[in-house]
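Residue numbers (numbering that gives the first Met the number 0), protein chains in the order written: chain A, 0 to 387; chain B, 0 to 342; chain C, 0 to 344.
Keep in mind that the hints were calculated from the coordinates and are not lab data.
In this text the structure is predicted, and so the values were computed from the model without any measurement.
There's no promise every hint is true.
[Claimed, not checked] Heads up, simulated SDA-like pairs for lysine to any residue below, C-alpha to C-alpha not over 20 Å straight-line:
1. C:K195 / A:V243
2. C:K239 / B:A143
3. A:K315 / A:W62
4. C:K239 / A:L233
5. C:K239 / B:R225
One-letter residues, chain by chain:
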Amino acid sequence: MSAGQSLPAPVELRGSGIRSRLSDFSDRHRSISVLVGVGAVAAALPLIVLLPPFSGFSGQTVWVDGFTIAGIFILLALGLNIVVGMSGLLDLGYAAFFAIGAYTYAFAASPFYGNEFPFWPMLLVGAAMAAIFGIMLGAPTLRLRGDYLAIVTLGFGEIVPITILNLSQYTDGPNGIGGIDAPTIADFTFPTTGNPWPYYLTMVGLIVISMILIYRLQNSRLGRSWMAIREDELAAAANGINTVTTKLLAFALGATTAGLAGVFLAAKLQTVTPNLFRFDVSFTVLAMVVLGGMGNIWGVAVGAFIVFMIQSVLLKQLNLFFDNVQIPILSEIDFLQYQFLLYGIALVAMMLLRPEGLFPSQRRKRELHTEEDAEFGELGDPMGASPE
Amino acid sequence: MASMAVGATARPNVLAALRHSGASPYLFIVALAVAMYFVLGPRQFVNALTIGAIYALVALGYTMVYGIIELINFAHGDVFMVGSFVSLFVLTNVLGQEGSASDLGGIVFELAITFALTMVIVGILGVLIERFAYRPLRNAPRLAPLITAIGISFILQNLVQIIYGPSPVNTPQVISPTARVDIAGVSIGWVNIFIIATAIVLMVGLQLFVSRTKMGRAMRSTASDREAAALMGVDINRTIALTFLIGSALAGAAGVVQGLYFGNIQFVIGFQSGLKAFTAAVLGGIGNLAGAAIGGFFIGFVEVTAANFGYFVWAQAAVFMILIVTLVFRPAGLFGQQLGERA
Amino acid sequence: MNESKAGSPGGLAGAPPETLLRAQGVTKRFGGLVAVREVSLDIPKGAIVSIIGPNGAGKTTFFNVIAGIIDPTAGTVAFKGRTLITRPRRVWLESVLWMVPAIVVASIELALGAAQAGDDGIILTAFGVVGALVVTLVVATIRPAWYSALLARLGILRSARPNDVVAAGMGRTFQNIRLFQNMTALENILVGMHLKLRASIIDHLIASRRQQREEDAAAERAGELLRLVGLHKRENELAKNLPYGDQRRLELARALANDPALLLLDEPTAGMNPNETAQMTALIGRLRTNLGVSILLIEHDMRVVMGISDHILVMDHGEQIAEGTPDEVRRDPKVIEAYLGTGAS
Chain A
0 MSAGQSLPAP VELRGSGIRS RLSDFSDRHR SISVLVGVGA VAAALPLIVL LPPFSGFSGQ
60 TVWVDGFTIA GIFILLALGL NIVVGMSGLL DLGYAAFFAI GAYTYAFAAS PFYGNEFPFW
120 PMLLVGAAMA AIFGIMLGAP TLRLRGDYLA IVTLGFGEIV PITILNLSQY TDGPNGIGGI
180 DAPTIADFTF PTTGNPWPYY LTMVGLIVIS MILIYRLQNS RLGRSWMAIR EDELAAAANG
240 INTVTTKLLA FALGATTAGL AGVFLAAKLQ TVTPNLFRFD VSFTVLAMVV LGGMGNIWGV
300 AVGAFIVFMI QSVLLKQLNL FFDNVQIPIL SEIDFLQYQF LLYGIALVAM MLLRPEGLFP
360 SQRRKRELHT EEDAEFGELG DPMGASPE
Chain B
0 MASMAVGATA RPNVLAALRH SGASPYLFIV ALAVAMYFVL GPRQFVNALT IGAIYALVAL
60 GYTMVYGIIE LINFAHGDVF MVGSFVSLFV LTNVLGQEGS ASDLGGIVFE LAITFALTMV
120 IVGILGVLIE RFAYRPLRNA PRLAPLITAI GISFILQNLV QIIYGPSPVN TPQVISPTAR
180 VDIAGVSIGW VNIFIIATAI VLMVGLQLFV SRTKMGRAMR STASDREAAA LMGVDINRTI
240 ALTFLIGSAL AGAAGVVQGL YFGNIQFVIG FQSGLKAFTA AVLGGIGNLA GAAIGGFFIG
300 FVEVTAANFG YFVWAQAAVF MILIVTLVFR PAGLFGQQLG ERA
Chain C
0 MNESKAGSPG GLAGAPPETL LRAQGVTKRF GGLVAVREVS LDIPKGAIVS IIGPNGAGKT
60 TFFNVIAGII DPTAGTVAFK GRTLITRPRR VWLESVLWMV PAIVVASIEL ALGAAQAGDD
120 GIILTAFGVV GALVVTLVVA TIRPAWYSAL LARLGILRSA RPNDVVAAGM GRTFQNIRLF
180 QNMTALENIL VGMHLKLRAS IIDHLIASRR QQREEDAAAE RAGELLRLVG LHKRENELAK
240 NLPYGDQRRL ELARALANDP ALLLLDEPTA GMNPNETAQM TALIGRLRTN LGVSILLIEH
300 DMRVVMGISD HILVMDHGEQ IAEGTPDEVR RDPKVIEAYL GTGAS
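Please construct the entire structure, taking both the sequences and the accompanying hints into account.
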């Protein structure tokens, strides 16, 4: 986690246990560990669902399809984490950038406009488009106090679906745009039903690349600037950081990730409607980031996956379960209806009780660790240390 | 401090005099109101004032809370929404009212009870939110209370949605919307007159409270410098709780008015009105009570104008643009001091 | 246009080369209160200059003006011959300027007949106007050189922001320590070195060799700075877990990380016991001799500064009441009165 990952860790921190040696390795070879970690999870998940009780809920194809959609949310959470977790800016209109990415691809590859641009370059174009909108929104706002960003993004998140809804001659309003092209590789077109693997593997690839890049940013001068701004904006400026452009960059990069996820969503569902991008989505992603632990990349990814699985599988299964067993009150309750109430309670509870998230980062652990070691830090006369 | 010998060479012209007197924003508002009257016609003008009164009442809560603890209380719009549902509950379940009341005595009695109960209940709700969701985080990083606020907002919305369902709910319009009076040849609904008058009474009352009473002074001193106020013996926790009580009670009054005027309410109205009311607060200069009230009326005009010309669906977008433009060109609002915000 | 700012002989700041910083007639009013009135100060290269005065004398306000945190009501501060801090002038004109492209776009579109084209035309015009406004704002946020030049040509003067002041070659500490609490000591220093690191965002994303080398070198240099203040064994501790005295020293090291020519220290010994104070004073003295850095020091405790300062400015109630060498200041009746009058030593 440390910025100076290339430095040898101090001796007292290097335990002899396998665990600490593993974490030491992953600190120094971040990209490899992300690749191996995500790869292992991505390989294991489709196998796990073959076992009971999961196999009882639905078939492997449906599960893998669900994981692909979960991947979209993981991507969204990773992007929002740059803004909220790493830079400490509250973005409440994140779904708007998601929508911009999705509609960019819908415009570029659907019969509605008669365009047939290929998916892969559009992935970048959609991301760039979201980034441009991010800069447009951030430039007037980020020159002010951070709080204003929250309300401005909240408004933006509301305006974008309204605009899409009402500019029907360009977007077909509430019906949305359908018949969007599936991605192709050479002559192979991604199948929309039956075989979920191409989309799944693409998503895994996107997540791996995003995570590696975000880790690199976090451990760079830019990542340190974000963290410094989050900690103390005035002190950051007093250390030469241009806080406005640095915040703008964080905001734009967050938007980029959302745009990427949006293009993928459009290609996966092959239809986009303004309803997909309401405030609920922004709120859900925020809950994912907070639950996973703000600023903790792995934690956020895991948090997003778990939250998505709770909302798409667990609540539905609870409904089915209680419908079947006929317990008087419980079977009347529609658990899906309580989903956002739960998120609201979770957000408040997390902020009050466990602000570091469900999965505390290495940083937290090390903090406890160093406190134990503090006694060993015999310094003698520090002031006498002669300057070289 | 007359002895200030700083090289201020203000040119003695009308423009400079205007700028120094601070009257120009008010002149702007008056001019705008007159223009609006001619653009919209008397009927829509009164409509705009009525809707503006609701936004103004909600905006006051935003501006008071931001003024005192620098928190954008995202839950405030939903407190207003809860207020409208509490008034529905009071009217139908406590007073058994359906439709309009017939006699003046009944109207006065029912409205008095409804306003009193709603304002008290919603005021207490505001205090509870502050006590349990914001106070523990007063010294936490800025992000924490903001996230809590948005969480509370979602909790309130979803609770109401679960209890009253997702569709709009009809509310009894105690003052019949058809009861009208001719003033100078213009037919105006009694309900409009009642709402505008109520809003103005509440605002004047608030202004008097803040400027004349000891508690009001405590609020102002806490807003300008919390630590200094504490040193002077002001009970900070009580003062902040009082701010939430008053702000939420005003939102509760706005909630009553909302049901009274529109005849139906829905769980999303808080979310929708919240952004508009916040824009009103920013427009008026956040922390400035009179500014927030005037900002509220301004937003009312924008909305009614948009509706009048057939662009109602774009009203929200227009309000949003106003927010952005204000933040860009006059971040301290029309009436706030232009202190400039630096990192 | 830039040349007039750069202080050529006829320019605004004709400070002689050996003067590092020159403040002239700095005044700051808050509403009716004059916090700083007409304070002028020269800091020669390599000197330790102190500002002393009782609490509330306006020292910190003056200091914050120099550091770019608050704009002065009047007066200028020139650093290395270049005017950095000044009263903002015609700032309102800048926001008028922002509207120009939008108005131009709107006029062109309307002239081309957008109004006659119905809804499509109106929407197109709206997009054009919003787009132009947004592009302008993005430019205004990023502030490329030509934009600043344009502002200067229009007579719009903006004071330097804190990060500009750092870029010009100053480093500062805060009276109430402002470390990045949840970052390690090493990371705090690395943030301080922000402006010395040149790797671009692309370098970071592809983890280029250049970036890796730069990070390694930065970490090494940061280690040296920590050694300088005696914190090299605690480089991986979070700042908030360090004891008070260590936090002060870490902040000092962070301020040095950008290799400043001038170090601004706001009460560096506040809250320290006499022993720690003596050590800190010695360290400050060593910084000057070993690193050649000039220092501006703020203190309300006279004893701290008498020993190490070359030059002392005494402030009281926002005004400059005395100036000179420690000996001159010590004998000045006005200083004695100010200090005795407020009950300080």
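Right, here's what the structure says about each hint:
This hinted pair checks out: K195 (chain C) and V243 (chain A) have alpha carbons roughly 19 Å apart, not beyond 20 Å. For the hint pairing K239 (chain C) with A143 (chain B), the CA-to-CA distance comes to about 19 Å; that is within 20 Å, so the pair holds. Note on K315 (chain A) and W62 (chain A): the hinted pairing holds, with a Cα-Cα distance of about 14 Å set against a maximum of 20 Å. Under the criterion of a C-alpha separation no larger than 20 Å, the hint pairing K239 (chain C) with L233 (chain A) is consistent with the structure, at around 17 Å.
For the suggested pair K239 (chain C) and R225 (chain B), the alpha carbons sit about 25 Å apart, so the restraint of at most 20 Å is broken.
In this structure, the one hint that does not hold is number 5.
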